[in-house]
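These are the residues of each chain, in order.
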Amino acid sequence: MGIVATLQQKLFRWHSDGTAPLRLGQRRVFIIPSRGGLLYALALIVMLIGAINYNLALGHALVFLLVGLGIVGMIHTFRNLHGLVITPGRSAPVFAGETAHFQITLDNDRPTPRLGLELEAESGHPVFATVNRKKSTKLNIPVSARKRGWLPLPRVRLSTRYPLGLFTAWAYLQPAMRCLVYPQPIAAPLPLASPTPVGGERTGDGGQEDFAGFRARQPADSPRHVAWKASARNANGPLLIKQFAGGAQVELMLDWQLTDAGLANETRIGILTGWVLAADAADAHYGLRLPGVDIPTGSGERHRQLCLEALALCQP
Amino acid sequence: MSTPAHEALDRHATPWLFATALATTAPHFMHQPLWLSSVAGALLLWAVWLWWKDQRLPGRWILIPLVGAGSAGILLEFHTLFGRDAGVAMLVMFMTMKLLELKSRRDAMVVVTLGYFLLLTHYLYSQSIPTGIWLLAAMWLVTATLIRLHGGPSSRPRETLRYAGVLCLQAIPFMLVLFLLFPRISGPLWGLPSDAFTGKTGLSDTMTPGSIAQLVQNGDIAFRVRFDGPLPPRQKLYWRGPVMEQFDGTTWHLYKGRQPAAQLESLSPPIGYETTLEAHNQRWLLALDAPVALPAETYLNGTMTATRQNAINERIRLRLSASLDYRLNTSEDPTVLRRNLALPASGNPQTRALATQWRAGNPPEAVIAKALALFNAEFTYTLQPPLLGQHGIDDFLFRSKRGFCEHYAAAFVTLMRAAGIPARVVGGYQGGEFNPLDQYLVVRQSDAHAWAEVWLAGKGWVRIDPTAAVSPNRIETGIAGALGFGEPLPMLIQLRADWIRTLRYRWEAINNAWNQGVLGYDPQRQRELLARLGLSDTDWRSLAIALGSTCGLLVAGLMAWALYKQPERDPVVRLWHKALRHLARTKVDCAPWETPMELARRVREQRPELAEAFQRVVDAYLVARYGNTDQHLKILRDAIAQLR
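Protein chains in written order, with the working numbering: chain A, 1 to 316; chain B, 1 to 644.
In isolation and in its complexed conformation, chain A is listed as follows (with noise of 0.2 Å):
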C-alpha cells in the first residue's frame, strides 16, 4: 500500500473495519455538486444579477428560496446514503472470463424510501437500487471474473443525486467478499482411462467417446445424460441415456503429469479443467492430481466442485 493509500484509509476509512453488517455514517459518505447541480448554480447566479438589475424583490427571493431549496437537496441527498445498513451476502463460484456476481442486501430503516442508489465496482456497469421504506433489498453487484482463484469485491462505489440530482453523494463499500474463480476450461480429448482398474470393475475396450447405443434412463440416471432428441423420437417410451463404450464405468485419473509439460502451467490447468468438465459430463469416475494436491476418484456435483477448486486455487 502507499503512501496515499494509507493516507487515504487513515483519514476516510474506505475500506472495511470488519464489521458486518455496515451502517453507512456521515464519516463514510462524501458529496459534491453534480453536474446539473453546477448549470443550477450558474442559473441562479444569472437570476440574482437579472433581480438586482431589473430590483425585483420576488426575484430575489426566488432565487434565495431556489439557494434554500438547494442546500434542502443537499441534505436530502447526504440523507439517502445516511445510515443505510449493508450486509455482504454470498456469491456463486464462475469461471475465468464470466461475470461474478456478488450478492449485497441494503436494508433501510427510515419510513421513507430510498430511491436511485447507483452501486458500481468496476466502471461502466452499475446497478440500480431502490430501498422501500422498513424493507431491505438483495442485489447483485457485477465483477467481471479474468483471473482464476479468489476474486476479492473490488470497492465499490455506492453513490445516488436523488432527489434533486443537484448533488452526487457517495461512499465507498468493501465489504470482506470474495468468490471462487474456476480456471477458464480448455477443451481437450480427455485421456486414456487408468491402466490400474479398482478392483471388480471392468476396463471399457474402447475410446471414451465411442458412442455405443441408447439404454432406458434409470432413476440413478443424472437427467444430463438424458438423450432428448433420440428420446423425442420413439414418444411412447422411457426416457433414453446415451451409452459410451466402456465411459461411464472407467476411472480416469486427471495428472497432472498427464498434460504437456511444454505448456505453460496456466494452460495446463486449462486443459485439467476442461478434462474435468469432460469427465463430469460423461459420468465418469475421475481423480485429480495436481502437484501438492491429490483428490482421489469420485463423481458426482461435490466432487467436481472439489476438484475445479483444487484448480482455482492451485499453484503449481
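Certain hints may be false.
[Said to hold, decoys possible] With the C-beta cut set under 7 Å, the calculated list includes, among others, these residues of chain B facing chain A:
#1 L120
#2 Q127
#3 I129
#4 Y521
#5 L558
[Unchecked claim] Here chain A is said to cover these stretches of chain B; the calculated rule only asks that three of the stretch's residues, wherever they fall, bring their Cβ under 8 Å from a Cβ of chain A:
#6 109-116
#7 160-172
#8 351-361
#9 510-520
Hints in this document: simulated from the structure, not taken from any laboratory. Cβ coordinates follow ideal geometry from the N, Cα and C atoms, glycine included.
Use these hints to put chain B onto chain A, whose structure you have.
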C-alpha cells in the same frame, strides 16, 4: 462516467417535463404576440403527440432550421434578440423546442433549469400577490419533476409531489433569512434595455383635449400617501405634476428652458407625509401643493414641481412635507410673465374677443370671477365630450359646452392670457381615496386632473380650478361622484356598494402591505431592520457574519432533523431496556447476546431477592413480544414497576 442506459430518460418522466414547460411558460402568453404563443403552443402539442404515439423525435435537420426560424421571427418582431420582451420570447421558444429533444436526463435537466429561470421572468411583468402564489405552485411542480427525474420510475406521483412540498417548505426558512440579511444592492448594475419600463402609465408632459380623460379610465394606482397627522380636507389635495406654459393652439407643453428658482413663502405649518410612488417613468414626484421639505436628490424647479434627477422607474418611498397655504413667486421674473401671456398668433377669435371685452376696465379678480361664473352657469362635466374643430377653445366655449378638466383648464388659461393675466396649466392629481383599514390615501390614475394658475400682483401664482366651478363634486367627492351614470370609468371606481368597497379596501390594504413590506424592502429598510435587531451601523462584513451564522444554524438544525431522527422503537423493546437499566443499577449487567431466560437464571444466582420480580418481567416480556394478549403492554409495565 455514466453509461448511456444511465442517462436515458424513462418514458413516464416525460409528462412531468411537459407540465413543467406549460406551467412556466403559460403566463407569458398574456403579454406575448399571438404568433409567438401559437408557435410555442404548437411545438408543445407536437412534442406531446410524438410522446403519445411513441414516435421518434425529430432530428437535427429539423430542429436547427426551427431554432433559426424562431429566432428570425423574434428578431423581426422586436428588432433585437436581447432586452426584456425579446429575451423572454427566446426563452419560451427554447423551452418548447427543447421538448422536441428530450432524449437523456441531461436534456431533462436543461428543461428544469430553464423552467426555474422562466419563473423569474414573470416578475418582470408583475410582482403581485397572485403572481407570487402562482409561481410558488409552479416551483413546487418543477421541483417534483426534478425528483421524478432522479428517483426513476419508482417514485410515485403522489409521493413525489409530497416530497417536493417538503423540500420547498424546508427551503423557506433559508429564503427568509437570505431575503432579510443578504446585502441589497439598489439600482441597476448596468444600463437597462430600453423596453425595461414600458407599459407604465401616468401623466405625460403635454396635454391635449382628451389626454387626461383617457388616463381617468385607468384604475391603476398612481401613488399612496400616509399623513403623519389627520387627513387634510379633500379639496386641498392637489398633487402637483408638470406645469405647462406653452400653447400651440391644440397642445400644452412644458417649457424646457431655464427657470428662475421658485420663491416659496409658507403661510401655514407644514404637514408631514410619506408617499409611495408607483413607477411612472417621469421625473416629477407629484408632491402635495406646496412642497416645503424635500428628500435628498430632489429639488423644486421654477414652477414648483418637485423633481428628481432621474426618471422614477421603480416604486419609491419618500418623506415629504407640504404647506397647504402658501405664496409662490410674488416677484416673478418678467420673462416668465411674458411667456405666460403668449398665445398663438391666430385662432380662437371668439375667445379673444370675449376676453378683450371682459378686460375693459376690470381688475384681474373680476375677470376670473366672470370666467368661473360662465363655466358654472352653462357647462357640463363629462368624460365624453364631442370632437372639437380647428378653433378648439372657441368650439368648446361657445358650442359644445361639454368637457373634462383639461378642457376647462385650457379654456380658462386661454381666456386669462387673452385678457392680459399671466396664466398656466398645471397637471397632476386631485383628491384620492382614503382606505380606513390601513390609513393610506390611495391616488389612482383616475384621479388625474388639470387646473390653472394665474399670477396676481402681490399674491404671486394663485391656483384656480375651473372644474370646481362646473362640478364641485369632482373636487369634494372624487371622480365617481362627479360623473353621471354611464360614463366610461373603470369598474373598480364605479362600484359604489358598501360591501364591495370594503372588500376593495381590504384587498388594497393587503396589496399595500405587500408593496411596502416585501417589494419595497430596499437597502434602507434593511438597515432599519438590522438596527432594530441591534446590528446598527452594519457593513457588509457584519451582514455576512449574521447571514453565515444564521444559515449555518439552519443547516445544522435541518441536519439534526434529517440524520439523527431516532428510528421509532417497539414499545415492548423499550420497556425491556428500561428493565435492563434497573438491573444494571443493582449490579447485574446484561450482555447483548444473553437471552431473557438466561438472564433470569443469572439473576436467580446473583440476586436471589430480585429473582421473583424479574421472572415476572421476563414472563411478561416474552408474552408481549411473542404472545398475543390485549393487555401485554400494561402487564409488562406493571411488572417493571415492581422491580423497584
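Against the structure, the hints:
1. The criterion of a C-beta within 7 Å of any C-beta in chain A is met by B/L120, whose closest approach is roughly 5 Å, and the hint holds.
2. Given the 7 Å rule on beta carbons, the hint for B/Q127 holds: about 5 Å separates it from the nearest Cβ of chain A.
3. The closest approach between the C-beta of B/I129 and any C-beta of chain A is roughly 10 Å, which is over the 7 Å cut-off, so the hint fails.
4. Proximity of B/Y521 to chain A holds as hinted, the smallest CB-CB distance being about 6 Å (cut-off 7 Å).
5. For the restraint placing B/L558 at the interface with chain A, the shortest Cβ-Cβ distance is roughly 5 Å, inside the 7 Å limit, so the hint holds.
6. Only residues whose beta carbon comes within less than 8 Å of a beta carbon in chain A count, and the region 109-116 of chain B has 4; three or more means the coverage holds.
7. Note: the region 160-172 of chain B has 6 residues with beta-carbon separation from chain A under 8 Å; the three-residue rule is met and the coverage holds.
8. Only residues whose beta carbon comes within less than 8 Å of a beta carbon in chain A count, and the region 351-361 of chain B has 0; fewer than three means the coverage is violated.
9. Using a Cβ-Cβ cut-off of 8 Å, 3 residues of the region 510-520 of chain B lie near chain A, which meets the minimum of three, so the contact claim holds.
The structure fails hints 3, 8 (numbered hints given earlier, in ascending order).
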